[in-house]
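Asker: Sequence order for the protein chains is A and B.
Numbering-wise (the UniProt record's numbering), the first sequence opens with residue 1 and increments by one.
Numbering-wise (the UniProt record's numbering), the second sequence opens with residue 1 and increments by one.
These aren't lab readings, by the way, just hints derived from the structure by calculation.
Do not rely on the hints blindly, as some may be mistaken.
[To be verified] Straight-line distance between alpha carbons at most 30 Å, and here's what the computed DSSO-like set of lysine-lysine pairs gives:
1) A:Lys133 - B:Lys29
2) A:Lys292 - B:Lys283
3) A:Lys35 - B:Lys29
4) A:Lys368 - A:Lys314
5) B:Lys402 - A:Lys308
6) B:Lys21 - A:Lys193
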Amino acid sequence: MISQFFVLSQRGDNIVFRDYRGEVQKGSAEIFFRKVKFWKEDGEEEAPPVFNVDGVNYFHVKVVGLLFVATTRANVSPSLVLELLQRIARVIKDYLGVLNEDSLRKNFVLVYELLDEVIDFGYVQTTSTELLKSYVFNEPLVVDAARLQPMSPAAIFMQGTKRMPGTAVTKSVVANEPGGRKREEIFVDIIEKISVTFSSSGYILTSEIDGTIQMKSYLSGNPEIKLALNEDLSIGRGDYRSSFGSGAVILDDCNFHESVRLDNFDLDRTLTLVPPDGEFPVMNYRMTQEFKPPFRINTLIEEAGALKAEVILKVSAEFPSSVTANTIIVQMPLPKYTTRVNFELEPGALGQTTDFKEANRRLEWALKKIVGGSEHTLRAKLTFSQELHGNITKEAGPVSMTFTIPMYNASRLQVKYLQIAKKSSTYNPYRWVRYVTQANSYVARI
Amino acid sequence: MSGHDSKYFSTTKKGEIPELKEELNTQYKDKRKDAVKKVIAAMTVGKDVSSLFTDVVNCMQTENLELKKLVYLYLINYAKSQPDLAILAVNTFVKDSQDPNPLIRALAVRTMGCIRVDKITEYLCDPLQRCLKDDDPYVRKTAAICVAKLHDINAELVEDRGFVESLKDLISDNNPMVVANAVAALAEIQDNSARPIFEITSHTLSKLLTALNECTEWGQVFILDALSRYKAADALEAENIVERVTPRLQHANCAVVLSAVKMILQQMEMITSTDVVRNLCKKMAPPLVTLLSAEPEIQYVALRNINLIVQRRPTILAHEIKVFFCKYNDPIYVKMEKLEIMIKLASDRNIDQVLLEFKEYATEVDVDFVRKAVRAIGRCAIKLERAAERCISVLLELIKIKVNYVVQEAIIVIKDIFRRYPNTYESIIATLCESLDTLDEPEAKASMIWIIGEYAERIDNADELLESFLESFPEEPAQVQLQLLTATVKLFLKKPTEGPQQMIQVVLNNATMETDNPDLRDRAYIYWRLLSTDPEAAKDVVLAEKPVISDDSNQLDPSLLDELLANIATLSSVYHKPPETFVTRVKTAAQRTEDDEYAEGSEAGYSESSAHTADGAASPPTSASNVPYAGARQPAPAPSTSPPAALVPDLMGDLLGMDNSAMVPVDQPSTPASPPLPVLLPAATGQGLQISAQLTGQDGQIFYSILFENNSQIPLDGFMIQFNKNSFGLAAAGPLQVPQLLPGTSAATLLPMALFQNMSAGPPSSLLQVAVKNNQQPVWYFNDKISMHVFFTEDGRMERGSFLETWRSLPDSNEVSKDFPGITVNGVEATLDQLAASNMFFIAKRKHATQDVFYFSARMPRGITFLTELTTVIGTPGIKCAIKTPNPEMASLFFEAIETLLKG
């Protein structure tokens, strides 16, 4: 069980503080913040999520720049506490629509009411927004979402794509729309984070997809929903029922939200569930089956004399031209003695910026978007203050990349259909099935 | 509702409290609610709104749940400071606990349990009894937790009223939330009781396993954790349990997965069928790996647990090493843990892949990560004999990049590799030597010097290399000095030519005369003696074959590992420490003092976690060359290590840094002293001469009270005494007066002592080295401990005012404190008298909660003052001593003295 729960701002201000057991001194928030801010132990400069100071155990997670913290004196399950902290953030977000310092302060009475229902005497009672609705009476005051940082994974849909109803992700699950009527809609997001490591010769060393099917339902009356996935989906690498190479999607492992019923899953790969209110992951999955990486990165380094070298970075988008990636950043650490970098973009380049971050000797190349099938090149001329020791490739790199590709998923896992149990013939709620792929650790060694 | 809650934070000019009071008493409901909100807002920002207690409590009788909750929130906060007023609320609580609305019933019980006021607690029992049997599950589950609350306030009451039995009944409740809370409450009560309360029988087991399927994710964790204490009767039962728990591995909640893993691992110990075990291992692997797709915080917990699991069952993840490869954007704490596991999973089969990764990490930007990666390569070399050569070639490649910290780290691990595979890879020494002048870290330098010394015969210019270090000998850190000393001796023994001979002179001279480091000096003397008496013996000792080191990446002690594995999915498994080392919740049953436990907890900080093995991996070079004569590393030779009879005559002069003419002749009779003195030179060591001695203070003068007993067969005469340089500069102030001692006789004497005569530099130490000589025997030397209190003078008494003033005038940095957990103050008077007798003067006393705080002053010659604060609970073990002094460097000696005094 936990003793205290609190939320601190980036500056260490106490935004929310709830003591459940009175076992830990009141100054714990300050002790915690000082410890985290000046962490320096075992050569590490970032505090681990769990640590002990003077007999008090501190747990923390970072959510949109806020620190969610719990303390205890007992030998509790750390994964439970960390998971709980994430869930509290999600519940509060479900209620407030937007999670930030401002919204927390404006809704402090509601937040305390929630916290009293979520935890009793340090024991988690429930983190289901659905269940909480029956016990929580304060109504949220939704703050202006337009200028706020998004929090949830679904928030990535807000970027750039006009097809997406941008406000939906920052809409409170419980608050009524102006006009009193709620719009009947449901969002199913297939979010994949991909990690790829290319060797210096362009060969794929490791590749992995961490995927989530995220659901957020605004349907009234909680109707039953059926989600159908690829029929040829198989689970477990040792499981070769569908022959390899035939295009079947093979997941290494997956798990499901507790509301999901898997009665027909083995038969026809459908999931049945009555979605609770609020945002939740229907299914998490992991895949190491080979897939086609969306980007290829080519790095060419030419040494030009003792104190000069040229780096040529080429990024090729290997996905269909109907798809566009956005907010691409390519980074590469440069040798320590680099003093100056001259960039040369391809002629007519639009929406591209380059930078040499001198503090950490890093080259940064940002591209607003990349259309499928296209190729972009950057030339960077480096000047060194001192001769290099030999092989420049040992002192620079690797090249890493971050990006977001809406309406694209590398695993080819699909939601074939989304069926909502009909209440009447006229009942036809909005259904949004959205795909997005993001880079997790996308690295090309040089 | 309108407007924002934040408006409640705004204040008005016209005094806030009266205005709120007015609003709280208005007849309009909405306005009252707003007023309570304002009160709560003020409360949360730390304003004192307790004066509104009555007004707020008046708002309690309302049907409006929102308002009621606010009032309750206020009550919880202020009931403790206003217990008499809190009683006013009791009636409403009791009434609410019978309200038709289940939410109000539950709320009343929940809140009452949070008010830790005895008077309220009495009234809680009846409503709680009712609510435990309520029709509504929400009320029952709240009541279940409330029993744990009550137990925390008054354990007896819970047992007297049979609440534990009611909780046990709730285990069979038809609502899974109620079951889960009952289990949680029982587990907590059990944790805090010495006697068995909640024992899991096979009957409860099956009930709980059934409830598991219906529970919320959190309830599943409570139940799994409670069940993990269950010991299956046989393999069959264990298999059955595992079968019912295995589906939990598919849960999206990481806490459920880890608790299920814990339960399965535990039952697996009982399962005998290897097929079943193999199958279970196969089933556990994917969920464990999936944990690494969660948020980095959870990944960290998972990795710390996996670290333990693979030590016991390496097969589970033997084929999954790739998932532990570091991602570019992993936080550093995740990367470090992944490296640990990669080393543990490294095998002959995957080592090439692993080395490729390590090599890549070793060229990244983060210095700490790079260092750890380089060490990881070395640890793989030590672990996998067949891969050692490949590991070394990777290290050499890294050295060639000439990144300073990489080179230094590589040299440190290569030294270990040389220890592991002697006479195998020495060909690379030449490459290492190229980087010699870039080394600036002590450990790397020491490692390189060790290598040069160890292989001096194969390095043509070993003498030149070492000589280059010798110039800066006095400035080097102790670690490097020790290695230089040993390496030079090795060089000399291997190449006894003129160059090394001169070097050894320089080193021994430096290490004996110019240093204050006892380790270094003692080691130098040992070498000196060895070399001057028996060079062949020196060879046998110094160049002895060293024991081969082994891989320590599975370094946890098996019994500790067992305990940690039983604690998978708890904090214990993250810290890699047994729970009792950091759990600081005080058990109500066992009356342990809180302070003790806090002290324990503070030492059990995360930083010391034994799992951070990188440091342990590279055994420092000192241990490498020190093995044959570990005794020499004691800060000073113990009395038992008496010098051999063939000692060079003037070694004593060497040892004491003085020549013999300064010795005090012994020729006069003595005066006996009464109390038994501690024996410092036992007869067995002193060829029949026994010496007992102690420093004493008498009338402001310090004496060395000595007793000589001659148990030998010959008369002894011509006694002389000499004191080595020491922190207080103690020296004999007059001649030692001991007559000729016939066999079987003894003589006692009081030797007047002077302070501040031959001061030693360096950090203060209580060590007093004494040498005694007579005409018949070799020189005896022995160690005494200076207890500082003998120096306290009678002018140490201070007025309260000046004490306070001095205390305040000293900066906080001059305050030092220490706990003496084992010492008890039983009688105040006796203790004060005892301290006063040693010139520690009592200034004042105050009460702080249950503790008494005493203040004392004490002064040493030269005006060195100690202001002391002792905090203790009379009659209970544990004293905290805090001192403020202009000479904080003396604090440790002061604490030794006070410990001696308090122990009486």
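Asker: Next, verify each hint and record whether it holds.
Answerer: Now the hints, each set against the structure:
1. A:Lys133 - B:Lys29: Satisfied, since the Cα-Cα distance of roughly 23 Å is no more than 30 Å.
2. A:Lys292 - B:Lys283: Answer holds: A:Lys292 to B:Lys283 is near 29 Å, not above 30 Å.
3. A:Lys35 - B:Lys29: Judged against 30 Å, a Cα distance of about 46 Å means the pair is violated.
4. A:Lys368 - A:Lys314: 16 Å, holds
5. B:Lys402 - A:Lys308: 19 Å, holds
6. B:Lys21 - A:Lys193: 56 Å, violated
Going down the numbered hints, you'll see the structure goes against 3, 6, while the others check out.
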